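First to last, the protein sequences are chains A and B.
Add 35 to the 1-based position in the first sequence for my numbering, that's all there is to it.
Add 1 to the 1-based position in the second sequence for my numbering, that's all there is to it.
Calculated directly from the structure, the hints in this document are not laboratory data.
Do not take every clue at face value.
Below 27 angstroms or equal to it, Euclidean Cα-Cα: the simulated DSSO-like pairs (lysine-lysine) are [as the list claims (entries may be wrong)]: (1) K213/B / K97/A; (2) K50/B / K281/B; (3) K293/A / K335/A; (4) K213/B / K187/A; (5) K72/B / K281/B; (6) K162/A / K97/A; (7) K281/B / K97/A; (8) K119/A / K72/B; (9) K213/B / K119/A.
Computed list of chain A residues with no C-beta within reach of chain B, every gap over 10 angstroms [what the hints assert, rightly or not]: (10) S43; (11) E72; (12) G126; (13) P142; (14) E152; (15) N174; (16) G195; (17) Q227; (18) Q232; (19) L233; (20) G242; (21) Q278; (22) T317; (23) A339; (24) A346; (25) G349.
Derived coverage of chain A by chain B (criterion: at least 3 residues anywhere in the stretch with Cβ under 8 angstroms from a Cβ of chain B; other residues may be distant) [said to hold, decoys possible]: (26) 118–124; (27) 157–170.
Since the model is a prediction, treat every value here as computed from it, not as a measurement.
Ideal placement from N, C-alpha and C gives every residue a C-beta, glycine not left out.
Each chain, letter by letter, is given below.
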Amino acid sequence: MSNNPMLSLRNFSVSFDTARGPLYAVRNIDIDVADGESLGIVGESGSGKTVLSRGAMGLLPKRAAHRSGTVIYDDHDLSQTPRKELREYWGTGMAMIFQDPMTALNPVRKIGAQLTEGLRIRLQMSKTDANARGIELLNRVRIPDPAAVMEKYPFQLSGGMRQRVMIAIALACKPRLLFADEPTTALDVTVQAQVMQLLSELRHEMGMSMVIVTHDLGVVAGHTDRIAVMYAGEVVEIAPTKQLFANMKMPYTEALMKSIPRLDSPSGQRLPVISGRLPDPTQPETGCSFASRCPYVTDKCREATPPLVEATPGHSYRCWFPIGGSR
Amino acid sequence: MNRALPILRRLGTLLAVIVLSTFFLSCLLRLLPTDLVDMILTMGTPEEKAALRRTLYLDRDVFTSYFMWFKDFIRGDMGLLYGTGGGETVWSHVTRSLPISLLIMLYTQIIALVIAVPLGIFTAYRAGKKSDRVISNTLFTASSVPNFAIAFLLIILVGVKLKWFPTLEYVGFKDDPFQHFKHLVLPCVSLGVGLAASYTRLLRTDVIAALKDDYVTMAASKGLSDSRILLTHVFRPASVTLLTAAALNMGALIGGTLVIENIFAIPGFGFEIAYALATKEFVALQSFIAITALGYVIFNVTADLLIGVVDPRTRGSR
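The following block holds chain A by itself, in its conformation from the complex:
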């Protein structure tokens, strides 16, 4: 096994053609995911985090989405690989858990069929072997009575169960890198914690790398090694998880942090909101993309785009006037 990262994105951008010109959903991203590492990607809706994960995997429709930059997975450059060859990596190398377990499972096919499909087609398992392995996988994601669940349809299961089934499907062919796109957003709070716990355990057991995409800093806090904060298609701050919580530099990260509800805040108190909205991704910006919403904005922020600078090794941010000074 090499010391190179499992996944390495360099100058990675994704744009879509729209009636108003190209829309840059993801811009100039440089991210590494180390072997066995868990990386959180946090940002609000529309910040480009889903496009980033789907784009990195190559799942975006080719006709609509234009990718540029490089994607290196396990020492293979996949940025120019045609979809037919990319498929060889999907499921067995990279896999994805989708946001909504209500829509991501085929409504008219049995759980068993959807779960064992990858095993049979990608790993050429026999029907009996694949079935046995399917039951084992359902057991592993703690689904009670797995043999019966194999014969059920998605609509006969609860949301939490469906999300577990989806995890089992994604992990079926033992991928080395798992993208989890908002894995808990559609679930109840209590189920959210269980599912995150399960994902963490499975990651350690299987020695996988994992990229968790979420809008909720609280979800990834205890389950990631590093966190990248995204805003308007860019990484605005990236740091080891503890470092980020203890010593955030970027006002946007601070604003995200403040918007997490806390048990010890007085009841009836309003949760802080980040006013304004994301900049129009079809219009090129001058200055910092967060300038229009930043509480500490100055003229300099509006005029010049701040580069990504390193505060301490492994902790980079994009701000002229970081919290806690320096620069």
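With the hints as your guide, set chain B onto chain A.
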């Protein structure tokens, strides 16, 4: 119990539809401008006319006569064809002609589906590209040509000029299977082309919609090939509308066979209906139309049951 209940309720509505439609039909017989009995027995004596009136239950009130007729109808006693001198029973005509028409409808559906399923999936997969535009526009043109026009076109080109297929008459499957199919190619193709076009469009729309669903991306992320995704993940959920349309079109096909059977001189059910209309065989016509209504209802229920098989979410709720 909870599984049987919807089926029972379904059967109840079915019965109601049949009873209502046939009841209005029997009322129509009484609304004829001339008396039915006078029409049949133009030269009959008053005694003969009274006897016929009793046989047709026209001496009773509307409801009694309807229920007497319905009882006979269910037992297969559908009266006589009076134009032939009263020698032939309606039932004998039904048993002779109905299987022919049902076969024509079946073959037509098979032809239409065999054309439409691959084309619908293909055009959806290539939506917006040249191949899709060419196929879709061709089919749209084909669907706007009435089926009798297609029939005449085929008769002239394939039948008369090229002499590939016979253009007249019917051969039973038992008599000569090869000739049977050969004789039915032109009628079934004429009926099937328009159907295939509309089926293709229905399926194309549904497949395009299904391709945008999350579960398709999910299936792709397992590393499955496009063809496998289309066939196992997309086609089944997308075929519900097609299936409903196919079943409902069985009813419309009854009308289609009426025209086509007359063009190709096939002694099917449509031919019988046309003949009964032309010769004012109203007694027979009443039973013919009742059978048509019955068929329509049966095809509808079949469609519902099939949809339950294809889409398990609808089981019990329909």
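Tested hints:
no.	hint	verdict
1	K213/B / K97/A	holds (14 angstroms)
2	K50/B / K281/B	holds (18 angstroms)
3	K293/A / K335/A	holds (25 angstroms)
4	K213/B / K187/A	holds (24 angstroms)
5	K72/B / K281/B	holds (23 angstroms)
6	K162/A / K97/A	violated (33 angstroms)
7	K281/B / K97/A	violated (65 angstroms)
8	K119/A / K72/B	violated (65 angstroms)
9	K213/B / K119/A	holds (19 angstroms)
10	S43	holds (20 angstroms)
11	E72	holds (21 angstroms)
12	G126	violated (4 angstroms)
13	P142	violated (6 angstroms)
14	E152	violated (6 angstroms)
15	N174	holds (20 angstroms)
16	G195	holds (18 angstroms)
17	Q227	holds (19 angstroms)
18	Q232	holds (23 angstroms)
19	L233	holds (19 angstroms)
20	G242	holds (20 angstroms)
21	Q278	holds (32 angstroms)
22	T317	holds (22 angstroms)
23	A339	holds (39 angstroms)
24	A346	holds (36 angstroms)
25	G349	holds (30 angstroms)
26	118–124	holds (count 3)
27	157–170	violated (count 1)
Of the numbered hints stated above, those contradicted by the structure are hints 6, 7, 8, 12, 13, 14, 27, listed in ascending order.
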